[in-house]
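**Student:** Chain residues, written in single-letter form:
Number of protein chains: 2
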Amino acid sequence: MKFLQFLGFPQFPEFKELRELQESMEIQIAVAKVGKYAASESGDTLEMIERPRGGLSLVLVDGQRSGRGAKAVSNLVARKAISLLAEGVRDGAAARAAHDALFTQHNGKVQATLNIVSIDLTSKTLVLSRNNPNPIFIARKSALTELSETSRPVGLYRHTRPVIAELPLAPETAVVVYTDGLPSAGVRRGKLLDVRAELERLRGGGLESAQTWADRLLAAAVAQDEGRPADDISVLVVAVLRRKAADDRERPLGQSLGDARRMLVRMPL
Amino acid sequence: MKFLQFLGFPQFPEFKELRELQESMEIQIAVAKVGKYAASESGDTLEMIERPRGGLSLVLVDGQRSGRGAKAVSNLVARKAISLLAEGVRDGAAARAAHDALFTQHNGKVQATLNIVSIDLTSKTLVLSRNNPNPIFIARKSALTELSETSRPVGLYRHTRPVIAELPLAPETAVVVYTDGLPSAGVRRGKLLDVRAELERLRGGGLESAQTWADRLLAAAVAQDEGRPADDISVLVVAVLRRKAADDRERPLGQSLGDARRMLVRMPL
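Each protein sequence line maps, in turn, to chains A and B. Using this note's numbering, the first residue of the first sequence is number 651, and each one after it goes up by one. Using this note's numbering, the first residue of the second sequence is number 651, and each one after it goes up by one.
Honestly, I wouldn't trust all of these hints.
[Unchecked claim] Chain A is faced by these chain B residues, among others (derived, beta-carbon under 8 Å):
(1) N725
(2) A736
(3) V739
(4) A743
(5) P918
[To be verified] Beyond 10 Å from chain B on every Cβ pair, some chain A residues (computed):
(6) F753
(7) R811
(8) R916
Read the hints as simulated data drawn from the structure, not as lab findings. Backbone N, C-alpha and C fix where the C-beta goes; we use that ideal spot for every residue, glycine too.
Construct all of the structure, not just a fragment, from the sequences and the given hints.
**Tutor:** Structural data, given as structure tokens:
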């Protein structure tokens with residue numbers, strides 16, 4: 651497991667300072683997801699689960715091919731991972747088990763990419779687990795870091811294991827994870843979306859909210875695909891922010907309302 | 651299973667008309683959740699899971715007492731229910747299994763309330779499962795209906811079963827589910843929150859978004875508790891709406907972006 655404060659976060663705040671920062675932070679999670687154009691079902695699955703010792707885990711799976719078959723594969727992998735995470739199994743073991751389940755069920759003939767992003771409130775870290783050739787981006791004010799160590803999807807080879815990184819929860823950090831449809835947007839007309847360039851643009855504008863970043867990345871991809879996505883596209887942004895002034899505006903209604911957890915889902919039929 | 655179109659929805663749209671309406675709908679799910687004042691952990695658990703044959707299920711559990719013990723109980727019940735729902739088990743069976751698991755583990759000595767709200771895209775219905783003395787409210791333009799048939803929490807008696815209702819997915823419908831902390835808000839000063847009156851007020855203002863309703867209900871409860879919630883409070887609103895003009899404004903960015911699914915979570919630390 652890599653602790654990123656030692657690998658590219660040289661000016662990382664000291665422990666005591668970090669503790670104080672963490673008192674006034676909020677985590678924002680945003681997902682934006684669209685299915686392949688004219689396909690009945692998305693082969694991407696995103697699930698979220700509460701960690702029994704505090705925090706949340708997000709599991710994003712892209713099943714091989716598209717449509718109903720892909721959905722069954724991504725459901726199998728996601729279900730295995732979240733059911734173990736819900737029992738308190740550590741992320742790396744959950745990823746291995748999800749691989750083993752798919753490998754056993756389909757004899758190594760079907761693959762899926764698997765990413766797990768966990769907000770672990772016990773260790774006060776973000777744990778990033780990757781079984782995906784696509785990188786994970788970490789955007790901070792100082793730099794845009796790419797986690798791109800060689801990583802295999804689950805399902806194909808006997809002893810596949812995830813590449814795992816861990817970084818402390820600290821404000822002004824965004825983790826960006828996505829499925830293959832994002833970097834391959836535009837493939838039909840031979841002009842792929844440059845994910846890093848899009849992220850540099852977003853980082854230039856500041857990290858206002860996780861939702862803005864997820865929506866803009868998806869919009870850029872759909873535009874690159876000329877409005878008809880060539881593949882399922884899912885974008886997951888986990889942002890650590892300082893508490894917003896908006897929460898204080900809500901205080902008069904009830905002092906503790908700034909402490910409320912909120913979830914909002916929109917699903918067009 | 652009760653089909654509500656026969657029970658209090660006399661002017662319910664005809665099947666063909668309903669089919670056309672369903673083409674241009676969106677589901678909004680909003681959760682607002684706050685812990686008991688000065689308690690380390692909330693005994694309420696809310697989990698969401700994708701249904702393998704299309705749609706989503708939401709599971710809301712309130713474990714007996716508060717703090718760490720209650721959290722372990724609500725985690726156990728929620729985990730059992732969602733792991734079964736994820737495998738395609740029907741809602742009523744998942745609720746019974748969650749009861750059986752808690753009853754077996756604690757010899758009938760520990761209780762929890764359990765609500766399951768499912769958006770079932772196969773049957774195009776909302777399925778409401780209740781193991782909770784508190785009612786579920788269904789708000790439509792024509793009426794505010796209360797599902798308040800006698801219902802027991804899970805965990806205490808051998809053959810506890812849920813009370814289940816099913817209603818067609820149709821626009822301008824909101825389902826409101828909550829844990830005990832909402833109606834008991836204000837208990838310290840002997841002036842309880844009138845949930846029905848709050849909902850009548852919201853209904854009078856129209857169903858703009860699920861989030862507005864969830865946030866306002868929580869704010870009203872926290873205000874009634876004078877800013878220091880006497881219990882964990884969770885509010886879940888599932889709203890069926892016509893597609894928003896906002897989606898059309900987004901279209902120029904990419905024709906299909908109005909079809910995107912979105913999730914947003916905010917978790918203050």
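**Student:** Evaluate each hint against the coordinates.
**Tutor:** Quick rundown of the hints versus the structure:
Look at B/N725: its Cβ gets to within about 5 Å of chain A, closer than 8 Å, so that hint holds up. The criterion of a C-beta within 8 Å of any C-beta in chain A is met by B/A736, whose closest approach is roughly 5 Å, and the hint holds. Restraint check, B/V739 versus chain A: the minimum CB separation of about 12 Å is more than 8 Å; hint violated. With a least beta-carbon distance of about 17 Å to chain A, the hint placing B/A743 at the interface is violated under the 8 Å criterion.
The interface hint given for B/P918 holds, since its Cβ lies 4 Å from the closest Cβ of chain A, which is under the 8 Å cut-off. The Cβ of A/F753 sits about 20 Å from the closest Cβ of chain B, beyond the 10 Å cut-off, so the non-interface label holds. At roughly 24 Å, the least C-beta separation between A/R811 and chain B is larger than 10 Å, which holds for a residue marked as non-interface. Annotated as non-interface, A/R916 brings its C-beta within 10 Å of a C-beta of chain B; the closest such distance is 5 Å.
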